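Visitor: Sequence:
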Amino acid sequence: MEQDSTFADLLGWQWIEAYLPQDRWVQILAGLAMLTVLVWVVSWLTSSVLSRLVRRLLKVAGKDDWARALVKKRFVRNVGYAVPLLVVSSNLTLLPLAKTLLEVVERVALLGFLVFLIMAIVSLLGAWQEVYANSSKGRTKSIKGYVEVAKIAVWAIGIIVMISIILDQSPVLLLSGLGALSAVLLLVFKDTLLSLVASTQMSTNDMLRIGDWIEMKQAGADGFVIDIALHTVKVQNWDKTVTTIPTYKLFSESYRNWRQMFESGGRRIKRTLSIDASSVRFLTPAEVDSLSRFALLRDYLAEKKEDLERSNQELSRAGMDAVNYRRLTNLGTFRAYCTAYIKRHAEIHQDMIQMVRMMDPTTEGIPIEVYCFTNKTAWVDYERIQGDIFDHILAVLPEIGLRLFQSPTGRDLSLGLSLAAESHRPSLSGSAKDPL
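Position 262 (the sequence shown) corresponds to 262 in our numbering; numbering is contiguous.
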């Protein structure tokens with residue numbers, strides 16, 4: 001029942017065994033007592049002393065975040081379980097048991113050591129991921145996918161080693177036998193491999209960050225990215241629901257990322273007003289003079305007056321009738337007013353395109369589109385600025401003699417019917433006389 005034991009040789013347990021009683025059960029109890037004391041001492045050193053030492057060293061180094069993360073991920077606890085199991089597997093010669101039984105106990109203890117060692121490594125990786133996520137760089141870029149790949153690799157290696165211990169075979173032989181199962185492994189880990197490639201490409205090309213506003217209609221996602229993992233990306237929608245999208249879909253399918261809009265500092269306004277076509281007409285000279293009181297139109301009207309007078313004088317000398325003269329329209333003046341208004345608006349981005357254009361007339365009026373960019377990208381500010389602009393534009397329409405097109409309502413129909421009835425009602429003076 002001879003067996004090499006490094007710890008026994010170093011501690012000199014053999015000479016102590018010479019003084020133990022010869023009774024087998026007494027030797028077993030004595031060995032158990034010695035092994036228990038040894039395990040307790042090692043466990044205390046690992047759990048208490050090592051834990052305090054690690055925390056103090058990290059605190060001195062200014063790595064308090066690492067200390068908190070290691071405690072949260074239970075790294076020291078897993079190490080505290082792994083080391084005593086290693087001590088047990090290395091000092092089983094203290095127990096005078098049959099060789100077969102010792103081998104079984106040793107393998108069980110060694111397997112337990114490997115499990116907790118793997119858990120400790122996984123805890124360390126988790127602590128690294130948490131520390132990185134709380135850093136300034138980690139708020140936009142995630143390493144969660146890479147950490148999960150590393151965890152899978154650690155568990156895969158650990159499982160292969162554990163199987164080799166159980167079967168008492170070399171891990172190299174097990175790895176060589178996996179070649180025949182490569183097709184099955186590729187099928188089983190298909191999503192993992194696709195997600196790994198997608199995560200690598202997205203990170204390398206900076207395609208997606210935590211905090212990006214993305215819109216992916218086919219997945220029903222419209223909101224901010226809150227988590228990027230190996231297999232999934234979580235998007236918090238505007239209604240506070242969360243949509244989970246497979247990572248590889250964000251690489252293979254199209255989606256809209258609004259990050260560039262926030263980085264540019266401008267958010268687009270693209271809204272249309274439908275003008276009632278029956279309200280479009282030429283302006284009279286008196287109306288032109290009246291509109292000159294608007295500061296935004298003063299320069300425009302003065303320039304147009306000079307241009308029209310010069311053009312009309314040429315037409316007059318050519319013998320043209322006055323009906324052919326050029327005149328200002330209220331719709332053109334309205335477009336000029338809107339253009340001047342957004343150009344002087346303090347919250348419109350002046351370095352980005354601005355225009356007010358007339359679209360193709362439709363059965364619902366003449367569309368006038370306002371196209372510009374606000375200098376604030378936050379949603380609430382954007383809606384406030386857009387609302388203020390169109391409140392003002394709608395209010396100025398009657399001043400220029402225009403009407404907004406809208407479909408007739410029940411009130412409009414009732415007013416029309418009442419007016420028609422009034423027009424057909426006979427007056428008292430014109431009532432029919434008695435034929436007699």
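Just so you know, these hints were derived from the structure itself, not from any lab. Don't take each hint at face value.
Claimed, not checked - Restraint ranges, calculated between C-beta atoms of paired labels, are given here:
hint, residue 1, residue 2, range
1, G138, L296, 32 to 42 Å
2, I165, V60, 34 to 44 Å
3, I163, T200, 26 to 36 Å
4, M355, A153, 23 to 33 Å
5, F224, T363, 52 to 62 Å
6, D299, R326, 15 to 25 Å
7, D299, H392, 30 to 40 Å
8, V197, T244, 30 to 40 Å
9, V71, I166, 31 to 41 Å
10, R310, S274, 20 to 30 Å
11, S274, V197, 33 to 43 Å
12, L296, I353, 28 to 38 Å
13, R107, N257, 49 to 59 Å
14, L296, T363, 30 to 40 Å
What the hints assert, rightly or not - Below, computed lysine-lysine pairings styled on DSS-like, alpha-carbon distance capped at 25 Å:
hint, residue 1, residue 2
15, K234, K144
16, K151, K141
17, K190, K72
18, K151, K217
19, K305, K343
20, K144, K190
21, K249, K217
On a predicted model such as this, the values are computed, not experimentally measured, just so you know. A virtual CB, placed ideally from N, CA and C, is assigned to each residue, including glycine.
Visitor: All hints are to be evaluated individually against the structure, with a verdict given for each.
Guide: Hint check results:
1. G138 x L296: 32 to 42 Å: Check failed, 49 Å falls outside 32 to 42 Å.
2. I165 x V60: 34 to 44 Å: Distance hint for I165, V60 holds at roughly 39 Å.
3. I163 x T200: 26 to 36 Å: holds, 29 Å
4. M355 x A153: 23 to 33 Å: Because 56 Å falls outside the window, the suggested range is violated.
5. F224 x T363: 52 to 62 Å: violated, 40 Å
6. D299 x R326: 15 to 25 Å: Holds, at about 19 Å.
7. D299 x H392: 30 to 40 Å: Violated, at about 19 Å.
8. V197 x T244: 30 to 40 Å: violated, 19 Å
9. V71 x I166: 31 to 41 Å: Roughly 33 Å apart at Cβ, these two residues keep to the hinted range, so it holds.
10. R310 x S274: 20 to 30 Å: violated, 34 Å
11. S274 x V197: 33 to 43 Å: With Cβ atoms ~49 Å apart, the hint is violated.
12. L296 x I353: 28 to 38 Å: Roughly 20 Å apart at Cβ, these two residues miss the hinted range, so it is violated.
13. R107 x N257: 49 to 59 Å: This hint holds: roughly 53 Å between Cβ atoms.
14. L296 x T363: 30 to 40 Å: holds, 32 Å
15. K234 x K144: OK: K234 and K144 at ~13 Å, within 25 Å.
16. K151 x K141: Within the cut-off at roughly 19 Å; holds.
17. K190 x K72: violated, 32 Å
18. K151 x K217: violated, 33 Å
19. K305 x K343: Within the cut-off at roughly 22 Å; holds.
20. K144 x K190: holds, 19 Å
21. K249 x K217: holds, 12 Å
Violated hints, listed in ascending order, are 1, 4, 5, 7, 8, 10, 11, 12, 17, 18; each of the other numbered hints is respected by the structure.
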